[in-house]
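As given, the protein sequences belong to chains A and B, one line each in that order. Take the first sequence: its position 84, counting from 1, is numbered 84 in the numbering used here, and each next residue is one higher. Start counting at 1 in the second sequence, then tack on 113, and there's your number in the numbering used here.
For the record, the hints were derived by calculation from the structure and aren't laboratory data. Please read these numbers as outputs of a predicted model, since none were measured by experiment. One thing to keep in mind: the hints can contain errors.
When the alpha-carbon atoms are kept at most 30 Å apart in a straight line, the in silico DSS-like pairs for lysine-lysine are as follows [unchecked claim]:
1) A/2 - A/48
2) B/199 - B/268
3) A/76 - A/2
4) B/199 - A/2
5) B/268 - A/2
6) B/199 - A/76
7) A/76 - A/48
8) A/48 - B/268
In case you want the letters, here they are:
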Amino acid sequence: MKYVLLFVETEQFAHDLEAMGPAERERAYERVTEWMATHAGQIRGGNKLRSPETATTVRLDRGEPLITDGPFVEGKEVVSGYTEIDVADLDEALRMVSTWPGCPLVEIRPLES
Amino acid sequence: MSAVGEASHDELARVVRQHAGQLAASLMHVTGDFAAAEDLVQDAVLAALRHWPAEGIPGRPDAWLFTVAKRRGLDVLRREANYRSKLARLQWPVQPDPDERLRLIFTCCHPALPRSAQVALTLRVVCGLTTAQIARAFLVHETAVAQRITRAKRKITDAGIPYRIPGSDELGARLTEVLAVIYLLFNEGYLSTGESAHSRDLVDDAEWLGTLLHQLMPAEPEAAGLLALIRLHRARAAARFDADGGLVLLADQDRSLWDREAIADAGRLLARAARQRRPGPYQLQAAIVACHAEAGRWAETDWEQIVLLYDMLLHLAPSPVTRLHRAIALSYASGPQAAMAELDALAGLLDGYHLYHASRADLLRQLGRPARARAADRRALALTANPAEQAVLQDRLNWS
Chain A
1 MKYVLLFVET EQFAHDLEAM GPAERERAYE RVTEWMATHA GQIRGGNKLR
51 SPETATTVRL DRGEPLITDG PFVEGKEVVS GYTEIDVADL DEALRMVSTW
101 PGCPLVEIRP LES
Chain B
114 MSAVGEASHD ELARVVRQHA GQLAASLMHV TGDFAAAEDL VQDAVLAALR
164 HWPAEGIPGR PDAWLFTVAK RRGLDVLRRE ANYRSKLARL QWPVQPDPDE
214 RLRLIFTCCH PALPRSAQVA LTLRVVCGLT TAQIARAFLV HETAVAQRIT
264 RAKRKITDAG IPYRIPGSDE LGARLTEVLA VIYLLFNEGY LSTGESAHSR
314 DLVDDAEWLG TLLHQLMPAE PEAAGLLALI RLHRARAAAR FDADGGLVLL
364 ADQDRSLWDR EAIADAGRLL ARAARQRRPG PYQLQAAIVA CHAEAGRWAE
414 TDWEQIVLLY DMLLHLAPSP VTRLHRAIAL SYASGPQAAM AELDALAGLL
464 DGYHLYHASR ADLLRQLGRP ARARAADRRA LALTANPAEQ AVLQDRLNWS
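Please take these sequences and the hints and turn them into a complete structure.
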């Protein structure tokens, strides 16, 4: 089954990352790279997203398209990346996610096909 | 309802419970489709509840349920040739693998499902309750239960929730979910006082599930611990209510009504579990209840041991309610002053909990503060919806 993992950052996580020294931050990134390498067999693609300040949202249900600055939900938790995976079932996805070394929230969503 | 009718109602519940899960497991094995298997079992159970009260329970109820489910399956699965041919080949008696039922339980209690759905699914699929019976037991509307089940079944299919026994690395966490569901059922049944001839006794279902789980996973001490806990409570059930249906407090219970043999059995079950040296919250709670159950008189209760067990429990599973219970035990071991200090520390956390205020009232009375005790009792009374507990508190306000 195919799922998308939505990686979600919190304000606290962003603060912590910023507070790290360069060497420590480097190690944090390395852990993520290692995780990606370990699960390369299941990962079908994905990417890191640029920060929510760079987002633009368009609303199409109010007559004219309404263009606004920022993500569609304003909140302390923002989607910061995604990965598509192909695994046997939800338990395998859960096992993968349980060792994710990056941001503190991950949403697992099955793909329609 | 006549006594005969009630007995046959219990008998119906017992027979359905014995066979529904087995049938669900067999159908699941054949079709590999959780939602379809679940629907067929529910149809067969509903048919049984329509026919059996008037026609009597058939000699082989499992064969009867199987035949109905198979016939219905061949009918509804018309378009799914694959299931149909597998189902057509299925012959009774089926010899299911005991693990099938375990798989069923773990799927129903998967952590990706909300607790309310885990509970409803387990009752329907494993214990063979109807949606209407679940709704009555939890005092919710039938459509709400139906919706919960439909949503959960859709999630099982669409999100790829597997039908399997978790691997050893994840078994601990997954077993915790199953135990929590059984414990919730037990509490729901144990605390409810509204007896209705048509409602299933959830305490029976909880003990039955606990027994099944313990049989299927004999090496899991927490499964044994939960079963011992349920049996220790049940062994004392006859003394919990007086002739008028009023709740009797532990200190005032007639201990000659307790089932000493059942208490000893549960104690042995707990001791066997303890030999594995993997303590857990259910074993510890059962050990605390065993301390009460094994005391011949209220005055002989080993409060020091109980405080010690609460300390261990708090270490494994910290919770303000457990701290409250520990404080109550402490009041008997070390006096009301020590316990009051503990309760004061819990004020912010448990202000909305009726037992907190009822316990404070108790201590305030012991400390010679009757006016403040009455205020605390009134606060407790305003916070509980349980009629039996309301009666106890009202009684105390009337007489103190």
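Here is what the structure says about each hint:
1. A/2 - A/48: holds (19 Å)
2. B/199 - B/268: holds (25 Å)
3. A/76 - A/2: holds (28 Å)
4. B/199 - A/2: holds (28 Å)
5. B/268 - A/2: holds (15 Å)
6. B/199 - A/76: violated (52 Å)
7. A/76 - A/48: Roughly 18 Å between the alpha carbons, so the hint for residue 76 of chain A and residue 48 of chain A holds.
8. A/48 - B/268: holds (28 Å)
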